[in-house]
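A.B. asks: So the sequences go chain by chain: A and B. Here the first sequence stands for residues 95 to 504, numbered as in this note's numbering. Here the second sequence stands for residues 95 to 504, numbered as in this note's numbering.
In this list, chains with the same sequence are indistinguishable; a pair is considered to hold if it fits within one copy or across any two.
Computed list of lysine-lysine pairs in DSS-like fashion (alpha-carbon distance at most 25 Å, straight line):
1) Lys153 - Lys121
2) Lys121 - Lys168
3) Lys347 - Lys119
4) Lys153 - Lys169
5) Lys148 - Lys169
6) Lys232 - Lys112
7) Lys153 - Lys126
8) Lys126 - Lys483
9) Lys112 - Lys125
10) Lys119 - Lys169
11) Lys257 - Lys345
12) Lys112 - Lys428
13) Lys112 - Lys168
14) Lys476 - Lys153
15) Lys168 - Lys119
16) Lys483 - Lys402
17) Lys112 - Lys347
18) Lys121 - Lys169
19) Lys345 - Lys112
20) Lys119 - Lys345
21) Lys126 - Lys112
22) Lys476 - Lys428
23) Lys176 - Lys283
Calculated from the structure, these hints are not laboratory results.
There are 2 protein chains.
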Amino acid sequence: MPDISLKGRHMPASPIRKLTPFAEKAKSEGKKVYHLNIGQPDIETPEGMLNAVKNIQFKVWAYTASEGTLSYRKKLIQYYNKLNYQLAPENIIVTTGGSEAITIAMMTCLNPGDEVIIPEPFYANYNGFACQSDIVVKPILSYMENSFALPSISEFERLITEKTRAIIICNPNNPTGYLYSREEMEALKQLVLKYDLYLFSDEAYREFCYDGREFISPMHLTGLEENVIVMDTVSKRYSACGARLGCLITKNKQVLTAALKFAQARLSPGMLEQIAGEAAVDTPDSYFDAVSIEYTHRRDVLVNALNKMEGVFCPNPGGAFYVVARLPIDNSDKFCQWMLEEFIHENETVMMAPATGFYSTAGAGINEVRMAYVLNSHDLNKAMICLDKALQVYPGRLTGTEALHTTLPV
Amino acid sequence: MPDISLKGRHMPASPIRKLTPFAEKAKSEGKKVYHLNIGQPDIETPEGMLNAVKNIQFKVWAYTASEGTLSYRKKLIQYYNKLNYQLAPENIIVTTGGSEAITIAMMTCLNPGDEVIIPEPFYANYNGFACQSDIVVKPILSYMENSFALPSISEFERLITEKTRAIIICNPNNPTGYLYSREEMEALKQLVLKYDLYLFSDEAYREFCYDGREFISPMHLTGLEENVIVMDTVSKRYSACGARLGCLITKNKQVLTAALKFAQARLSPGMLEQIAGEAAVDTPDSYFDAVSIEYTHRRDVLVNALNKMEGVFCPNPGGAFYVVARLPIDNSDKFCQWMLEEFIHENETVMMAPATGFYSTAGAGINEVRMAYVLNSHDLNKAMICLDKALQVYPGRLTGTEALHTTLPV
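Extracted from the complex, chain A is given alone in its bound form:
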């Protein structure tokens, strides 16, 4: 039997999905499982987007241009104009989800062995995408105590070597929910220019900023035109995760030319999704207003409930729809699995993502979990009751000072 590749061996399993078999087993035994593990919102996809699908007139489900249809890219310009991004259709390559925008950006900009700095905890699949391209992730710890703010520039500089080629930020952040301030973005800009790095800006959660906070993209900063690549997706914006429609945006012409070759190899993004994506741009503001109110409410429910539990700490995030919370537990992987396999409260349990998968520093996140507030507040409340009960009886519960250990360096 031929061997599989080293990459195939080393590729990390998704921390969000790896416990799925245990959840499936629990459900097959009749338990109700609250899914807080995955960023799959229950919010309805805009009607206009679904109607565009229902009203298709074409007879041949054909390839589109590899960079996406001109019609969709033009419509996207309308959307980005509202955000004050100064773009032309040529700056956009339509991708199969945000995921493909990330893999194409990595392959286009980094050589095997090159290093990318990412504040951690970070979106777990960056690890997987880096593994695919033989790129080295250099994590830089952010801390729960200051809500996972951007690490100081001097800490970034300590990590920079001649192999450093890029910094990835996810803003608002998955998994922490942190929203970078204008000052943080300006500091990043100076750093990126000083060392001539790429800045990959994952803006999947751009629409989800709370309490009147302002979203700042590197696209809003001048002088970064050759350095910035925005990785975008309709997944969260329109609650259309299964549409697998995203895009890569840059003003760097060399990057666009090379990225297009990777796009050509896989032929085309989905044709139907681009039709739907075009309609989605006309989604009324009222849709987003309602969604924002709903998520703000859910966040409040979740964060309040968590901070009331003994030994639990959770910062109040400014964006996205995730929190990272510290629990009084020995090991979040064990705990999350135990919740699915052993725990039950009124025939219910909760599925969470162990935060270890969002760190690349060994041992970090061992007493943290990521939760997505993608359920209505009634279900969230019930899930939090479940979690509270579980923490009371979990055999690996830590108590007293032991429970207070953090990821802060000594």
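Given the coordinates of chain A, assemble chain B onto it according to the supplied hints.
C.D. replies: Below, chain B alone, put in the same frame as chain A:
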């Protein structure tokens, strides 16, 4: 400005799409361009598949399981059962087009620097996918004189080194249309087992076999369970190229486990496509019968017209919907571009794919083009009249013995 990657520089542009700007320009000047360059059929997508799209009931366009929905994979089993493949849903990972099945298979099975042997001319994007994964393509020439049959096993053996990990076949073949016989498949089996290699079987054109010829997949051969990975797609089968729905099939459990991790990193294939794909399995046989009659007719029109032209030779292919033809020209890249930029006959011209992009041996295919018979026979006839006229006036036309040089080794 930061540099792009070496991969970004070396990545080949698609030979099928690289002349697109010239075609666009010709069309903008009012010329009619017959597109024989790309495998985008004009055949209508089955109604049942499109109706499944129009009749969607869901409210949230959600992620599916990374390996695809169980429902779609079960339905696919029904399809593969008819082909006498012995499969279970666990043997299938649903992918974003056949393209993703190929990239996942390569990443799962081959290390950077490993070698894959591919009979050439071959599907041009194998070069691109290999470049993405830093895999080395070792081409093995097949010859127009014997219709591009499988090269002899001893020639394969001459190429095998300790780095050789896999063989890729595309059957029926893109670009040559050649359909491998049972004897050829058995010979490949012995080779694969002798050297413990992977056999990647790209079966995108499985439904397109003509003149009563039999399609033999490695899935029909016993003893290859751990070696075979089938890469499939609905693109050509249901004329649904823009659906970007394919799958990777194998019985090798290690491969499945590793491939799933790559699938998890990109989260999910398209949800709507899987609903449509499920409906597509119920497409009546009459659809395929009609398509087969149509393609057989088109092939005959094309091959007859080509072989009637002075200095032109084109084998009669047994499957797929492509031909590779030898033309009396100095350089197919120049000729194809000239056709779009300079030539005009009754305000019409033809776009073809230079065959050079389908070879990885330098200089091979320089007087060959690939044509896809994806237009109706009326348009095909007009395209052939155009080509004939063009060959008469092309400044780089070769004559006499000069025109007869082939890709055969001296």
